[in-house]
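Asks: Top line first, the protein sequences correspond to chains W and D. Whatever position you read off the first sequence (first residue = 1), add 13 for this note's numbering. Whatever position you read off the second sequence (first residue = 1), add 9 for this note's numbering.
Careful, some of the hints might be misleading.
[What the hints assert, rightly or not] Computed, partial: chain W to chain D, Cβ under 10 Å:
#, residue
1, Asn40
2, Leu46
3, Val49
4, Ala56
5, Leu62
6, Pro65
7, Phe66
8, Ala68
9, Ser70
10, Leu84
11, Phe85
12, Met88
13, Val163
14, Val166
15, Leu169
16, Val173
[Unchecked claim] Computed footprint of chain W on chain D; a stretch qualifies when at least three of its residues, placed anywhere within it, have a C-beta under 8 Å from a C-beta of chain W:
#, region
17, 118-127
18, 160-172
Derived by calculation from the structure, the hints in this document are not laboratory data. In this text, a Cβ means the ideal position worked out from N, Cα and C, and glycines have one as well.
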Amino acid sequence: MTSELIVFLVLSLVAIAAALGMVFSRNAVYSALFLVLNFTTVAIFYLLLGAPFIAMSQITVYAGAIMVLFLFVIMLLGVESLAPSKSLPWQKPLAFSLAVILVAESVYLLASRVQPNMMVTAPGIAVNSMDNLREMAMTMFNQFLLPFEVTSVLLLVAMVGAIVLTNREKVGRK
Amino acid sequence: MDWTLWVEWIVKGFVLCLILLTGFAYLTLYERRALARMQIRVGPNRAGYQGLLQPIADAVKLIFKEELTPAKVYKVVFVLAPVLTVVPSLVLAAVIPLGTSFTFFGRVITLYVANLNVGVLYLTSIASIAVYGIVLAGWSSNNKYAMLGGIRASAQMISYELSLGLCFAIAIVMSNSMNLVDIVNAQKGMWFAVIQPVGALIFLIVTLAEVNRAPFDMPEAEQELTAGFHSEYSGMKFALFFMAEYQKMIVICMISATLFFGGYREFWFLKDTFLSVDRYWFLAPIYLLLKVVVLLFFMIWIRATWPRIRYDRLMAFGWKVLLPLSLVVLFITAAGILLEQELHNSIYFYSIPILSIICAMVAVVFIYRDLRRKSNGRV
Numbered sequence: 014m015t016s017e018l019i020v021f022l023v024l025s026l027v028a029i030a031a032a033l034g035m036v037f038s039r040n041a042v043y044s045a046l047f048l049v050l051n052f053t054t055v056a057i058f059y060l061l062l063g064a065p066f067i068a069m070s071q072i073t074v075y076a077g078a079i080m081v082l083f084l085f086v087i088m089l090l091g092v093e094s095l096a097p098s099k100s101l102p103w104q105k106p107l108a109f110s111l112a113v114i115l116v117a118e119s120v121y122l123l124a125s126r127v128q129p130n131m132m133v134t135a136p137g138i139a140v141n142s143m144d145n146l147r148e149m150a151m152t153m154f155n156q157f158l159l160p161f162e163v164t165s166v167l168l169l170v171a172m173v174g175a176i177v178l179t180n181r182e183k184v185g186r187k
Numbered sequence: 010m011d012w013t014l015w016v017e018w019i020v021k022g023f024v025l026c027l028i029l030l031t032g033f034a035y036l037t038l039y040e041r042r043a044l045a046r047m048q049i050r051v052g053p054n055r056a057g058y059q060g061l062l063q064p065i066a067d068a069v070k071l072i073f074k075e076e077l078t079p080a081k082v083y084k085v086v087f088v089l090a091p092v093l094t095v096v097p098s099l100v101l102a103a104v105i106p107l108g109t110s111f112t113f114f115g116r117v118i119t120l121y122v123a124n125l126n127v128g129v130l131y132l133t134s135i136a137s138i139a140v141y142g143i144v145l146a147g148w149s150s151n152n153k154y155a156m157l158g159g160i161r162a163s164a165q166m167i168s169y170e171l172s173l174g175l176c177f178a179i180a181i182v183m184s185n186s187m188n189l190v191d192i193v194n195a196q197k198g199m200w201f202a203v204i205q206p207v208g209a210l211i212f213l214i215v216t217l218a219e220v221n222r223a224p225f226d227m228p229e230a231e232q233e234l235t236a237g238f239h240s241e242y243s244g245m246k247f248a249l250f251f252m253a254e255y256q257k258m259i260v261i262c263m264i265s266a267t268l269f270f271g272g273y274r275e276f277w278f279l280k281d282t283f284l285s286v287d288r289y290w291f292l293a294p295i296y297l298l299l300k301v302v303v304l305l306f307f308m309i310w311i312r313a314t315w316p317r318i319r320y321d322r323l324m325a326f327g328w329k330v331l332l333p334l335s336l337v338v339l340f341i342t343a344a345g346i347l348l349e350q351e352l353h354n355s356i357y358f359y360s361i362p363i364l365s366i367i368c369a370m371v372a373v374v375f376i377y378r379d380l381r382r383k384s385n386g387r388v
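The shape of chain D in the complex, shown without the other chains (with noise of 0.2 Å):
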């Protein structure tokens, strides 16, 4: 084999990850920022211009911090759950495309490190090995609140991977692709979020549930476990933990634009004008930047208002809710592609919006009733 062509992937490969290391450091920030605007305070401004090397300062505060391993722990498992849940979190990414290619001394560089044609498969088969860091993690630390940490996520993250899956095949049958690259390039005509607008909004809620994030954070509800699985872990183990979560985050993102959202590509009005990817590839990975920070500002904006979800509710949501209603989904984009193509009418193809709509507002006319029926009528 080539001998650049290793270095090719070496090189690409540690652009990667140094990518998600400084989205992460500066999504800690970002975030805090954010928050603080939105409770109307300053937030962290000290250190560097408006904050900017506030990221350093606390990666430096926590290698130093003392490492803790207390006395009963599975000590193999506990050493073993961070790296488990890291791990994950950046080969992820590895099938995302950034963009299209360029030309560098004569040698045409991609901008994706693997281009799978199961790629999708490849996302799914990574997120499920990734439960495994938080629920070993919660029982190595041999400490009920963990324990019950970890055994939340756990079924928090396999009730919500069904549906996530449905959203996959969602794409999958639009594109008619398993390859991400060509479901970027499907959507060059228009993006699926507006000819599916029900498994776009699905699958944003679905990811909040598998990142854990607010208002799914029942795995790190202070009130009742303390921190949850990693309530025993501290210093940089606990640093590589925070990093995952903020890592799946960026990750997740990049998967929703690049499902959904168009990918590396601009919006589908401007695509034979000079802002156009086919034009500049430069554009390709400033777009799919622009998104991902604007939907990681909608996973922000959701931890600041909203209150944490029940767990029952939280569970019933998922199952009653998120998978039947991904199903119907699923049939009628699938239904509205087959009839288009076989009978050649676009109507069945522009149906596809309007009867997911109806059917996500019967969902939510459910859950409305549900919730006042369970109150008394207090709703």
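Same shape as in the complex, but just chain W (with noise of 0.2 Å):
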């Protein structure tokens, strides 16, 4: 358990780390490079729990083709260093109060919810055999296929917004 503890915090460690520097550096391919990171270390966080499926997704799906998208558009746009814009008057209030709400609820749920002695324990090894994988197959495709299926649809949905915005203009001109 120790050698896991320590692990754990030298990774949260770094995950703060990596979230901080995303949100503060001023050029737009370090933040990318920072939450990609920060993505790495979550999926350790799920390979500790014993969730190498998870964890292998979350590498693949968000690490490895979103975060390469976003420098993709960041790299293609040119947006790399922003000018220290002005911003709009209303935001700053806006974001400290939302800020503050957010602190304080999960201040609340955290006093109110967690016992002394309530430790989130790693399952056990049978997560790790392959009869896990299938059986997590059965229950998505079974169970919740048809959220599942919906998500599919939600993101089909948001490719061919994304198509129908940027033809606009050529379908004009005809």
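Grab the two chains, each in its own frame, and use the hints to assemble them into the complex.
Replies: If you want it as structure tokens, here you go:
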């Protein structure tokens, strides 16, 4: 347990540092890279919890596919470094009040729900076996088939929307 | 945890890295000699017998070369990019089984570093990480040519990753497992390349694009982009990119061998003879090495004989031909296996290769007609 605890502490420090770096770096490419680092640490958290499938999907989907597209767009648009722009006047107060609400909510939940000796433990070895993967697929495609399909339709709609929006000019000219 | 286990892991990882590094060194020699033969030249034959010491001479030269860092590069990323390119190419090999197992002082030693039950997913995730090194090298060089090369490389790798994933899925469906050891053992009776030749062919084409090899080496097209994403790199940093490319070639040939050509197993018709890996464990790495050498030869052969494909055609080929074709082939494979299991009639199983080959022929006809239309009937 102790070695796992050490790994967890180090990883969480890295994750928090990466998140802060993402928010505060002035260069968009560095921000994206910090976000990749953050996603990778989250994937390792999943590994620690005995869920290799989720960990690998996390890396493939988020760190691999989505962030590469982000980088791509940042580089193609050439908006690597942002000039210190003027923010809208109501933006800062709104952000602060939302942040305060979020912190208050999470503190309340932590204080009310967590008992002193309650601890998240990693599930046993059984999770790691191949049966688990099979069981997960069975649950996903039997019990949750409709949400799964609806999600994929949602993604499709987003894609079609992007194509329609970028194609509008051409249609107008004809 | 048992300390001998740690020693075993460390030794295995070390040996694997050594194999890949030596493989990289001699692959450069292999490629240069083979290319020379095909172009009716001699090739490097001066250092050592038949040029066998040439890789060492090259390495010494690269180490002692001056290393330039241009003034306006993004320094941290510029240094990080070659590392980010090499590391995935090394760790990718960790899940590939090199053989069965042997007993060493009463201890059973398996010939793979890690036996993951999500081995195939591990491959896809590391392959998707591998894009970063190239993109970042192109961007951090602060050079338009390097940038264009990096963007081309990433666009190409992302586009071809879809078909790559579908080919992985074909192997998963046929072996009913994501574990690479299970995938190899499932090919004991018959290689997957025989049951699903089109899937194997798509996989070989896609891997060429994934490692940016000819005819898909647009990121490094020297007529247009000087040297592409590594234009600004010199000395050891350039050597790292070079190393990553060749190691990726080796690893990806290992993966192709594992997924479709029986991995470390012998030919399917030798399975009960004395040449079987079940009889002698040391035959397994030899079989894998032979398969990798043959597959690498195909890569070199293609480089020697085929011109580069134009960039828009490369993208069209990936999205309009390979992706639909691999989807259809995956569907045919899954449907064939399911129908055989449900109806207990092996005719469905044997219809898999026939139907897939018909689909591939239809795709070829479409490509031909498209090319003929575009070049006004001159093809």
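Asks: For every hint, state whether the structure bears it out.
Replies: Hints and how they fare:
Hint status for W/Asn40 relative to chain D: holds, with the closest Cβ pair at about 8 Å, below 10 Å. The restraint placing W/Leu46 at the interface with chain D holds, with a minimum CB-CB distance near 8 Å, inside the 10 Å limit. For W/Val49, the suggested interface contact is upheld, since its CB lies about 7 Å from the closest CB of chain D, less than 10 Å. A cut of 10 Å between beta carbons decides the hint on W/Ala56: the least distance to chain D is about 8 Å, and the hint holds.
About 14 Å separates the beta-carbon of W/Leu62 from the nearest beta-carbon of chain D, more than 10 Å, and the hint is not met. Satisfaction of the interface hint for W/Pro65 is found here, the shortest Cβ-Cβ separation to chain D being roughly 5 Å, below the 10 Å cut-off. At its closest, the beta carbon of W/Phe66 sits 5 Å from a beta carbon of chain D; the interface hint therefore holds under the 10 Å criterion. For W/Ala68, the interface hint holds, since its Cβ comes within 10 Å of a Cβ in chain D; the closest pair sits about 8 Å apart.
With its C-beta approaching chain D no nearer than about 7 Å, W/Ser70 sits inside the 10 Å limit, and its interface hint holds. At about 6 Å, the closest approach between the beta carbon of W/Leu84 and any beta carbon in chain D falls short of 10 Å, and the interface hint on this residue holds. The beta carbon of W/Phe85 is positioned within 10 Å of a beta carbon in chain D (closest approach about 6 Å), and the interface hint is therefore held. Because the closest C-beta pair between W/Met88 and chain D is about 5 Å apart, less than 10 Å, the hint holds.
Below 10 Å, beta-carbon pairs count as interface contacts, and W/Val163 has none with chain D, the closest being about 21 Å; its hint is therefore violated. Below 10 Å, beta-carbon pairs count as interface contacts, and W/Val166 has none with chain D, the closest being about 18 Å; its hint is therefore violated. Of the supplied interface hints, the one on W/Leu169 is violated, with its beta-carbon coming no nearer than about 15 Å to a beta-carbon of chain D, more than 10 Å. Hint status for W/Val173: violated, given a least beta-carbon distance of 16 Å to chain D, over 10 Å.
Proximity of the region 118-127 of chain D to chain W, defined as three or more residues with a beta carbon under 8 Å from a beta carbon of that chain, is established by the 3 residues found. Coverage of the region 160-172 of chain D by chain W holds. Counting CB-CB distances below 8 Å, 5 residues qualify, and the rule asks for three or more.
In summary, the structure is inconsistent with hints 5, 13, 14, 15 and 16 from the numbered list given earlier, while agreeing with the others.
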